[in-house]
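One-letter residues, chain by chain:
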Amino acid sequence: MFAPEPNCKPHLAAGCRWAESTPDPNANERTLLFPEGAIKVEGTGRAILELCDGESTVMQITQELQAEFEAADPVRIQTEVLTFLQQLHEQRVVDY
Amino acid sequence: MHSSLVPLALIAELTHRCPLHCVYCSNPLKMQRASSEISTEDWSRVFHEAARLGTLHAHLTGGEPLARADLQGLIASAHHAGLYTNLITSGIGLSEQRLESLIAAGLEHIQLSFQDSQVAGANEISGTRSHEHKVKIAQMIKRLQSQSALAFTMNVVVHRQNMDRLPEIIALAEELRPDTLEIANVQYYGWALRNRDALLPTRQQLEQAQHTVSSAQERLRGRMRIDYVAPDYYARYPKACMGGWGRRLLLIDPKGDVLPCHAAGVIPGMKFDNVRERPLQWIWQQSEAFQRYRGEEWMQEPCRSCERREIDFGGCRCQALLLAGDASATDPACFLSPRHSLIEEQLLRINSGGDMSENAAPDRNPTIEPADAWQYRTNPGESLASR
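Residue numbers (our numbering), protein chains in the order written: chain A, 1 to 96; chain B, 1 to 387.
Hints listed in this document are in silico derivations from the structure and should not be mistaken for laboratory results.
Treat the hints with care, as some may be off.
Here are some chain B residues pointing at chain A (derived, C-beta under 8 Å) [unchecked claim]: (1) L56; (2) N86; (3) A149; (4) L220; (5) G222.
Predicted model, so just to flag it, every value in this text is computed and none were measured.
All C-beta atoms, glycine included, are put in the ideal place defined by N, C-alpha and C.
Just chain B, with the same shape it has in the complex:
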């Protein structure tokens, strides 16, 4: 009945292992160990199954995908299946020789993450000394780009602590010369939700950021593309999360479970089928997890009768669960949600207490001192702890 829906992109979460500990990591709080990761052969079969379903892109991510020693083979098999290959990486673990071999295997796009324009801020957010190394990696990518058709995107996640440095972040990008600069606001799930008090930007910061981005887009037009992802907490309507549940995207986690999105594991009672046990086509078309919030039957009011229900699909199911405690409720980010006050309270808290946008440093924050209070992401097998 949903055979017309095609998973246009496959997000391959190859591993949860990562040398970085970013405070807004999109991985689940409970991570999977290296020993449970599916094999090169499993992934290869899955890439071919996806291509037959009509999938166009394979986004190889983690954790840090470079932590997989077989990454070259994984890229080769995705490429061989006809998928467009995109590597989403911190760059840690990448040598010039390794990048050359990944390009030879069929890598078409590399998205390198940065946490800030300056060393101290970047290292604080990632919990590692990684910033200066990333700058070198970006220079290496540019060198190899001149000999290949590889595309290069620089990704920077923005939040209250670094948003005032957006002009410097854009200047760093101009120096490193990616094809695209992606500036994305934090989305509040998992680790980021734990650190929300220290990450949520003020309204004034956001207005300034919008202005900075617009003028940079105009100035750099035709030279560097700038994509900007605004935070849904400040939006009037919710985001069409993942393009709608089970409509365009699927995610396969390190042990081979297939999820409609990164965070779907937080929804109680969700059962995910595994690529080692079921064909991908069956999982996409018929599994309970993918059927659960497809279409409109599950919707409550105000979504059920809303004229935007086919535009934003009621927003994000995981956010509805995490904030309103009900995964089939309207996403509280929507101003029409009866639980929208859950968002407004957060914004009020962040935006009250004077002009914090000029004093976004942790020591001026009235409620929290992030340097001591960050919840850093752990690695598989480690217990939750603040560093």
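Isolated chain A, as found in the complex:
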């Protein structure tokens, strides 16, 4: 199991993109499409994925989320970001 390096810049993997619009009126949720399926994300999951723009480093993404959710434990946020990115990388949704 490899956690992402703090300085690498995650981006959506080849063949992954956001659905343009979803018939679901729930505005908190966005759908990410990939070759054989789709995932619906909201909250921190959505926030992390939206920051996977190929520009921000893992460290910057973590800091941004720590600033946004300042009431939450920063260590927990860091762990959450690393675990989530690692899972998405293994699923070929995110690449570096």
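Mind docking chain B on chain A? Use the hints.
The following block gives chain B in isolation, referenced to the frame of chain A:
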């Protein structure tokens, strides 16, 4: 009443024409001719109707979808409708220029099939000399991938004849570098059911395959994803076929009939509505074919009172028909099925007679010599024949 169900993916069986003759083809035994195929405009309208229903993916398949001269326009219209476009292909008929035009039209994912790691085995299964050409196509996809966001999956169907070469198949994938390698066991309908005696793997082969796949998944983690589809004949519970009848997927065949799955045509008395005559929404929500095995009313025991009935939906209706002769019976693949012996007998036959896993070659098979006895898939208009 089923308006909450959304057909998340549309399988567009664009044509039954194909340059390959794979012995496990998922097309029906009776194929539709080119002259009955629906038009570019029909497909375009259907893609837009599907998108309005909430469909996310269009899986363009065949036969060989490249046999449609208007494929670029079909991809463009699916893309324009907002659907994620996936091309499922043998690669035969694909040039670099054509692939460039398909990507420009909005192609997002290409799934290229391989039949084996080596020429002889691959060509025997496909009934054509296609393997070396596929390797070149894969290299071409990799070249174009560097200039686009196209995703690339390599698909290999595995069975008794090639399963022992799984390490070599994975090595070929490492050389060709797809994003995903899909290793799928044969599913026994139509052509594959005819060739089942020669295709069904042994238990020992499967155990070895599981081990090979797991260690490759671990080794290639983060570099190449490996998906593995296990055979339901060896499972304890049946597969949730198509995610449940009329729950998540719909298939449109070359002439525009809308089916709940590839094989539904085998069920006697099924009537399929056509996109040229009815709106897709009506067909999905109200047509008899889609209503027939939705929900639980149709279920018999042991499904009716089973706590897994919302997990696997009683398994596959077509397999229940093909094996047990009753499409509303429990899928015989389930160990709780009163007809499970139909599966066990097959497994016993394949697994008896010594250690066949090391000698999976056709000449060591006691009952059949596949090289002479394969039932190859035909093309539309051809009569059934062994080659």
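Here is how each hint holds up against the structure:
Of the supplied interface hints, the one on L56/B holds, with its beta-carbon coming within about 5 Å of a beta-carbon of chain A, less than 8 Å. Given the 8 Å rule on beta carbons, the hint for N86/B holds: about 6 Å separates it from the nearest Cβ of chain A. About 5 Å separates the beta-carbon of A149/B from the nearest beta-carbon of chain A, less than 8 Å, and the hint is met. The interface hint given for L220/B is violated, since its Cβ lies 10 Å from the closest Cβ of chain A, which is over the 8 Å cut-off.
Given the 8 Å rule on beta carbons, the hint for G222/B holds: about 5 Å separates it from the nearest Cβ of chain A.
Going down the numbered hints, you'll see the structure goes against just number 4.
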